Amino acid sequence: MPSSRLLIKNGTVIDPAQNLQQRADVLIVDGRIERIFDSGHDAGIKVDRTIDAGGCYVCPGLIDVHVHFREPGDEEEETIASGSAAAVAGGFTTVCCMPNTRPVLDNEAQIEYVLREGQKADLANVYPVGAITKGRQGRELAEIGSMHNRGAVAFTDDGTGVGDAAVMRKALQYAKMFDTVLMQHCEEPALSGGAMHAGVVSTALGLPGAPAEAEQLMIARDLLLNRTIGCRYHVQHISTAWSVELIRRAKKDGQCVTAEAAPHHLLLTDESCRGYDTNYKMNPPLRTEADVQACIAGVIDGTIDILATDHAPHLAEEKELEFQAAPNGIIGLECALGLYIKALVLPGHINWMKLIDLMSTQPARIIKLDRGTLKPGTIADVTIINPDTNWTVDIEQFQSKSRNCPYHGWELTGRQVATIVAGQIKWALAK
Amino acid sequence: MSIKQTMSTNTPLWTRNHLLGLQSLSSQEINFILDTAASFKEVSTRSIKKVPALRGKVVVNAFWEDSTRTRTSFQLAAQRLSADVIDFSEKGSSVSKGETLIDTARNIEAMGVDVIVVRHRAAGAAEMLARTLKCSVVNAGDGAHEHPTQGLLDLYTIRERFGRIEGLKVAIVGDISNSRVARSNLWGLSKLGAEVYLIGPTTLCPRAFEKYGAKVVHDFDSVIGQVDVINMLRVQFERIQSSQFPSVREFSQMYGLTWDRFQRCKKDVFIMHPGPMNRGIEIQSEIADGPQSGILTQVTNGLAVRMAVLYLVTQAA
Numbered sequence: 001m002p003s004s005r006l007l008i009k010n011g012t013v014i015d016p017a018q019n020l021q022q023r024a025d026v027l028i029v030d031g032r033i034e035r036i037f038d039s040g041h042d043a044g045i046k047v048d049r050t051i052d053a054g055g056c057y058v059c060p061g062l063i064d065v066h067v068h069f070r071e072p073g074d075e076e077e078e079t080i081a082s083g084s085a086a087a088v089a090g091g092f093t094t095v096c097c098m099p100n101t102r103p104v105l106d107n108e109a110q111i112e113y114v115l116r117e118g119q120k121a122d123l124a125n126v127y128p129v130g131a132i133t134k135g136r137q138g139r140e141l142a143e144i145g146s147m148h149n150r151g152a153v154a155f156t157d158d159g160t161g162v163g164d165a166a167v168m169r170k171a172l173q174y175a176k177m178f179d180t181v182l183m184q185h186c187e188e189p190a191l192s193g194g195a196m197h198a199g200v201v202s203t204a205l206g207l208p209g210a211p212a213e214a215e216q217l218m219i220a221r222d223l224l225l226n227r228t229i230g231c232r233y234h235v236q237h238i239s240t241a242w243s244v245e246l247i248r249r250a251k252k253d254g255q256c257v258t259a260e261a262a263p264h265h266l267l268l269t270d271e272s273c274r275g276y277d278t279n280y281k282m283n284p285p286l287r288t289e290a291d292v293q294a295c296i297a298g299v300i301d302g303t304i305d306i307l308a309t310d311h312a313p314h315l316a317e318e319k320e321l322e323f324q325a326a327p328n329g330i331i332g333l334e335c336a337l338g339l340y341i342k343a344l345v346l347p348g349h350i351n352w353m354k355l356i357d358l359m360s361t362q363p364a365r366i367i368k369l370d371r372g373t374l375k376p377g378t379i380a381d382v383t384i385i386n387p388d389t390n391w392t393v394d395i396e397q398f399q400s401k402s403r404n405c406p407y408h409g410w411e412l413t414g415r416q417v418a419t420i421v422a423g424q425i426k427w428a429l430a431k
Numbered sequence: 432m433s434i435k436q437t438m439s440t441n442t443p444l445w446t447r448n449h450l451l452g453l454q455s456l457s458s459q460e461i462n463f464i465l466d467t468a469a470s471f472k473e474v475s476t477r478s479i480k481k482v483p484a485l486r487g488k489v490v491v492n493a494f495w496e497d498s499t500r501t502r503t504s505f506q507l508a509a510q511r512l513s514a515d516v517i518d519f520s521e522k523g524s525s526v527s528k529g530e531t532l533i534d535t536a537r538n539i540e541a542m543g544v545d546v547i548v549v550r551h552r553a554a555g556a557a558e559m560l561a562r563t564l565k566c567s568v569v570n571a572g573d574g575a576h577e578h579p580t581q582g583l584l585d586l587y588t589i590r591e592r593f594g595r596i597e598g599l600k601v602a603i604v605g606d607i608s609n610s611r612v613a614r615s616n617l618w619g620l621s622k623l624g625a626e627v628y629l630i631g632p633t634t635l636c637p638r639a640f641e642k643y644g645a646k647v648v649h650d651f652d653s654v655i656g657q658v659d660v661i662n663m664l665r666v667q668f669e670r671i672q673s674s675q676f677p678s679v680r681e682f683s684q685m686y687g688l689t690w691d692r693f694q695r696c697k698k699d700v701f702i703m704h705p706g707p708m709n710r711g712i713e714i715q716s717e718i719a720d721g722p723q724s725g726i727l728t729q730v731t732n733g734l735a736v737r738m739a740v741l742y743l744v745t746q747a748a
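Chains as they are written, first to last, in the working numbering: chain A, 1 to 431; chain B, 432 to 748.
Don't read these hints as lab results, they were simulated from the structure. Only a predicted model underlies this, so the values are computations on that prediction, with no experimental measurement involved. There's no promise every hint is true.
[To be verified] Derived DMTMM-like pairs (lysine to aspartate or glutamate); straight-line CA-CA distance at most 25 angstroms:
| id | chain 1 | residue 1 | chain 2 | residue 2 |
| --- | --- | --- | --- | --- |
| 1 | B | 565 | A | 318 |
| 2 | B | 642 | A | 271 |
| 3 | B | 642 | A | 213 |
| 4 | B | 697 | B | 720 |
| 5 | A | 252 | A | 277 |
| 6 | A | 319 | A | 277 |
| 7 | A | 319 | B | 530 |
| 8 | A | 9 | A | 34 |
With the sequences and hints as input, model every part of the structure.
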């Protein structure tokens with residue numbers, strides 16, 4: 001096979017794993033990072049293709065550990081192919097699919113299916129996350145071992161939490177054996193069923209509330225259960241101030257815990273639900289301004305380890321139902337980067353190096369992936385970002401099959417311009 | 432005709448083609464509806480109780496939830512305005528299967544409807560229809576959110592009794608959490624300058640209402656001698672199963688309007704109830720039927736208020 005050589009010139013390379021942020025060129029040979037060298041020293045290097053990344057950041061490819069691609073079962077909402085197209089259009093080179101499909105990803109065959117469909121789509125790296133329990137019913141453990149061996153990168157019953165403490169304890173003990181990560185959708189079932197955050201706004205709207213304690217209770221319980229077990233435990237889509245505090249304290253105690261945030265929990269509050277627009281309905285729900293500030297503080301001080309999207313496609317006709325009846329979730333892959341820049345970088349909460357750490361290097365660490373860095377020898381997953389591009393979110397331009405997105409019309413600054421997976425340009429912003 | 436005169440001078444005050452709730456209205460708009468209702472109330476005293484205001488217009492009563500008095504009241508109101516009235520009722524929820532609420536409403540609208548009066552168990556249902564449909568939408572109760580015409584008729588009845596609303600102390604007693612009547616009353620009364628006391632157990636009367644200017648009280652007896660109006664809400668027995676209060680007996684002891692409590696009220700206290708009443712549970716019969724009760728007056732005024740609302744939303748459309 002003839003070797004293929006790609007040179008990314010004139011950009012500023014950001015690689016948190018090497019604590020690197022400097023003007024440099026990146027040479028990719030046969031899908032792997034060959035070397036990074038000072039810009040202007042490319043004379044004599046033969047390449048097949050050159051990308052001029054002047055004015056842009058050249059970063060390890062973004063990794064989203066929390067997406068719903070609805071396949072198998074709800075292909076009218078999203079498929080692994082359409083979701084992958086949305087991922088690369090959003091600058092993501094790797095995504096992890098949640099198992100709440102129909103049927104549930106709770107056995108080897110389903111894991112294999114997602115991997116294969118991901119490879120067929122041939123856009124982003126698509127990894128499946130297996131269910132913790134059979135059918136996500138919360139009663140019997142799913143075959144975590146064989147799914148792990150087949151390529152499931154993590155386990156969760158996302159959509160619901162594992163409500164039974166005995167089952168969760170066994171899951172933590174069992175998963176520990178494989179050194180895999182258990183991800184939890186933290187919501188105590190006895191306190192679930194709300195349509196929005198239980199608080200001042202739900203009181204006025206007359207909607208059933210989802211109390212913050214539902215999330216906190218399950219986090220606290222799991223942290224207690226896991227204290228002596230020490231399984232790798234990950235809190236999905238954290239949304240309340242006390243959730244952040246519980247994790248902060250557990251980390252101080254040396255517990256094995258990580259956490260993720262989603263864009264909407266850093267940018268929106270329950271005030272948005274006035275007007276009953278179902279594009280503001282998700283689970284966990286939008287919380288209060290104090291919760292938003294606490295989540296941002298959690299990102300700043302490292303309590304929250306990674307940023308995800310919880311990309312959750314739904315058909316327009318499903319979202320057109322009454323607020324109480326409409327399904328939870330919004331899509332986010334194609335605007336997440338711009339949203340995180342808006343929430344965290346532009347206000348000065350974190351710098352670019354930290355942003356890339358949260359969106360690439362740390363997610364790779366949590367799912368134990370040999371990516372999320374531009375170290376020579378690594379598979380060349382690269383996202384090129386222009387930090388100065390002003391753009392407007394337009395849902396009609398999305399690659400996703402769905403349109404349930406509250407950010408339509410938002411003006412953002414900073415945008416992905418090219419997405420490279422294993423040395424192949426999978427997406428580039430049309431000039 | 433007096434209505435016409437009122438309208439010609441004040442029409443710019445009302446520009447909405449929907450009535451979805453009282454929280455979004457200004458005090459001027461609320462007063463304007465009440466004033467319009469006053470002129471319509473006179474119609475009901477005539478021997479021919481009909482005006483041609485909505486002649487040629489079609490009003491649909493679309494009820495996805497049971498109702499007797501509200502539906503009848505809207506029907507009669509529309510008929511007295513000479514509108515054609517259609518009844519539509521459907522049980523069952525769009526969650527389970529079949530046509531969605533939006534689709535059903537679009538179908539009804541396609542028949543050439545001017546006003547859709549909607550009652551639905553889901554909070555926000557009326558707002559959702561107003562966003563989608565071109566015709567006027569009048570909210571006749573959406574879940575625990577709002578029941579604006581009930582709020583307006585309560586305001587009207589209080590204003591008629593006292594000649595004012597500003598400065599009055601109004602208690603709303605019972606299951607506040609699940610009550611759209613309580614909410615519409617709270618918004619309307621606060622905007623017109625009354626002091627609102629929400630009274631009920633902690634599980635059914637959350638402190639969050641204080642953010643909206645209400646006084647949240649759990650001990651009925653602590654304020655009973657101070658209030659000018661007591662609006663007793665209906666006890667919903669199904670709330671016991673959801674553990675929001677332990678028993679009807681205990682609820683009745685703590686929050687029922689008993690004769691003993693009535694004796695400790697202000698001399699001119701005005702008693703209200705949106706109906707239907709559970710006699711002997713939230714209110715003792717002698718009080719409900721006594722001279723200080725406005726319960727039947729509320730029903731009478733409901734008609735005038737609904738005539739005013741139907742008239743105004745069609746004029747603005």
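Hint check:
Simply put, residue 565 of chain B and residue 318 of chain A have alpha-carbon atoms about 21 angstroms apart, close enough for the 25 angstroms limit, and the pair holds. For the suggested pair residue 642 of chain B and residue 271 of chain A, the alpha carbons sit about 14 angstroms apart, so the restraint of at most 25 angstroms is met. With a C-alpha separation of about 21 angstroms, the suggested pair residue 642 of chain B and residue 213 of chain A falls inside the 25 angstroms cut-off, and the hint holds. Only pairs whose Cα atoms come within 25 angstroms are accepted, and residue 697 of chain B paired with residue 720 of chain B is accepted, the gap being roughly 18 angstroms.
Among the hinted pairs, residue 252 of chain A with residue 277 of chain A is inconsistent with the structure: their alpha-carbon atoms are about 40 angstroms apart, more than 25 angstroms. About 9 angstroms separates the Cα atoms of residue 319 of chain A and residue 277 of chain A, which keeps this hinted pair within 25 angstroms; it holds. Proximity of residue 319 of chain A to residue 530 of chain B is assessed by CA-CA distance (about 14 angstroms); at most 25 angstroms being required, the pair is judged to hold. Of the pairs offered as hints, the one joining residue 9 of chain A and residue 34 of chain A holds, with about 14 angstroms between alpha carbons and a cut-off of 25 angstroms not exceeded.
Of the numbered hints stated above, the single one contradicted by the structure is hint 5.
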